[in-house]
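**Q** Which chain is which? The protein sequence lines are A and G, in order. At position 427 of the first sequence the residue is numbered 427 (this note's numbering), and the sequence of numbers has no breaks. At position 13 of the second sequence the residue is numbered 1013 (this note's numbering), and the sequence of numbers has no breaks.
In short, the hints are calculated from the structure, not lab data. Among the hints, a few may not be true.
With a cut-off of at most 25 Å between alpha-carbon atoms, the simulated SDA-like pairs for lysine to any residue come out as follows [what the hints assert, rightly or not]:
no.	chain 1	residue 1	chain 2	residue 2
1	G	1113	A	106
2	G	1279	A	106
3	A	311	G	1336
Quick list of simulated restraints, FRET-style, between CB atoms [unchecked claim]:
no.	chain 1	residue 1	chain 2	residue 2	range
4	G	1097	A	354	26 to 36 Å
5	G	1384	A	169	50 to 60 Å
6	G	1081	A	267	31 to 41 Å
Backbone N, C-alpha and C fix where the C-beta goes; we use that ideal spot for every residue, glycine too.
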Amino acid sequence: MNITSILSSIEEAPLQSHRLRFLLYCHDTFGLGHLRRTLSLAEHFTSALPNAEVLIVTGSPVAHTFSLPTRTDYVKLPVVTKQGNGTYKARDISLDFASILDLRAAILRETARAYHPDVFLVDHAPNGLKGEALPALTLLQATQPDCLRVLGLRDIIDASHIIRQNWAKEGIYRTLEYTYDRILVYGSPYLYNIGAEYGLSSTVSQQIHYCGYLDRLEDTHVNENEAQKDAYTPSLEYPHALCDRPLVVLTAGGGGDGFPLMQAYLIGLQRQSSVHFNSVLLAGPLMPREELRQLHELAANLPGDQVRIEKFLPDPLPLLNAADLVVAMAGYNTTCELLALRKRMLLIPRSVPRQEQLIRASILTQHGLAHMLHPERLAPLRLLDSVYNALEQPRPQQRQLDDADIIFHGQRTALEVIVDDLLHRHHDHLNSLVEAAKV
Amino acid sequence: MTKRIVIYWHNGRSLGHTVRCMALGQALLSHNPENTVAGITGASRYFELLPPGMDVLKIPSFLGYDEEGAIRTESILSLTKKEFQRIRENLIATFVRDFHPHVLIVDYNPQGKSAELVPAMINSPDTQKILGLRGILNSFEETRAEFFNPRMVAFIQEHFSAIHVYTDPRIFCLEEYYQTPPAITRMLKYTGYVTRPTVATKEEARTLLNLDSDARIIVVSFGGGQGTEMLWEATIAALAKIHRRFDAVYLVAGPHLEAPAYERIRMHVAQYPNWQWSKMLNPFQAWMKASDLFIGAGGYNTLAEVLTTGTNALIVPRQLNEQEQMLHATRLADMRVIRLASLDLILREDVSPLLERGLSEPYPDKTYGDIAINGAMENARLVEALKP
């Protein structure tokens, strides 16, 4: 069923009588990934369905830096942050973790109660952060049963054995069994089959719909077939012509743990007698100020026209598209963007506390779509060797993406599945009313 | 004693309340770093201004439009007024109940937008409440009706420990102008203007911003920028006539200037060398301090920052429906602290002679003495002194 036929179905249904309300929740304790994914979905929902609106509940401290799609608003929860030992704490306000978790859970629950959503889409964590979404899920299940409860998962969450252990301990298998109506996976079962890897029951597996990867280029004007250095250069008022030499872009997503990569790269550059490419480092808005200062200090020793550091670009796609090589960690969103742009990529994945990036980078490398340097082998000269090597390789071809079953219509499919489920639910509801009337 | 403090400000669009409340938060934390400060607001932007250690609960936002007919506010979401009210009210009450603050500072509106604070206030008897008023509120009639009607006076008396007025009584005396009831007058405490700290001298500002120490520099900003295209065009036309009298001009659009207008003005400005057109300049107070002439609107924060930095300023009050900016700017102009040009004057007449005079005969005239500008720290001191 395509979106046009779904829309025409909706027009005939009483669903049309009010705006379709989506409540999207992403807990966001680290990085930008969850929020960017959530905003991307919101953008598609509101642009594809003129009667849809979105309220996002997020714990992200940087939500205000993003442009919101039309008919979209957000609630920002007090920020919690993950510590080195894997535990969490309130970032700013001096409440113990249990108290701030209760506070966040209560705010999410009250938002759900008052907003009365048609769809509650939980990103990534089935129970929410340490169970904070459960009160909202329980409330909706008990008092607003018409609300479709959906879990959205990226392609890979973590290594199979870790997920199986954690989900058993945290009661997530039970949540999946009894709380959600639908599970959307923004990936491909050919590359990573979540049902099989994470030991989901047949009942739960039947709820899964693989949507394909999210289309990160959907709302941009970037064209992967064109070199866009000219378009990018004036927007940042570069003093040098990026067009003259190859361009290497480094990105570490939000930048919270991107310093070692950037530092190694700059030290590596310093040790070269000459460099035939220019570099732009996207530090990320979450990089600590002191680390950013150290990067600028390192860059100051390099020729000024060869290296530039940007703290944050709201839309990094034009820059990524201008690159001849992107050096990145292997986060979901960045990887989607680079695959869609068919960029040469050198991945230095994060391997702790989750192995998701390591698995993703390994799979892409196996399919010839990326180059990888294991994070334990990260060292300045080795990194630069890998950069030189990757620059000499051809760009990924569309055929390779097709062979790996990588397609980019995640948002569209997600919406189609949701609307289809709503229509079925609605018809069931109408039928039950008719049956009740007969009795 | 360390305190949990909540600051509430309602707005969803303009910058003023947000900047002021964050300045208060910064002072509360620097006065006692053990304090915990959280904001509750419908504002959706500028959280990068949050001082380290302050967090915020952002509730669904109103969009506000200052139109010729009236101020119009509506929700981004398609909720009924009642639904929207309930969702904000619930979130505020939940947060206050669970966070259990020692002190709740309410910015501007005693009951919050559409009385959304009332449930939280009634259900937090152990929390001390401070009402923060910027000083000049609105016209006499409107302010009397909105803030000092008998029911509101009773509410304020019942729930608030004090009213902090963020101004200097020599510039504006609230009880005189609005003839406040005695019960309210007894609660007033003038704290001085609330602003953020900045560099001490023009030389420091120019060094910080990497600006030529001898250059003649003009900085122009009309706050958030919404609906200012005509004002910009008139200002640019006047500046063009005197372009030989300065070396550089920095024009700051503000984040809310409409995108097509931003683009049109960008094209217009591009024809002048040494004119820079941008959305924001940070830290803005340092830019004001570095300027030889600042041209800006008459919002509370702008005027407070003009006073803090001692900037030579030409102020254009640009509110269409409220009198606060004009009243405030007039008081300061009468004291020769700033120059004043009405919106009408700027739009209809050639104000280049006024700009020239602004450059050649800088204000402020210091005969008025020192104005209280340490309001943020004074607020922090008063909050710290509150007895449990």
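**Q** Against the structure, test the hints numbered earlier, and report the numbers of the ones violated in rising order.
**A** Hint check: 2, 3, 5 and 6 fail, others pass.
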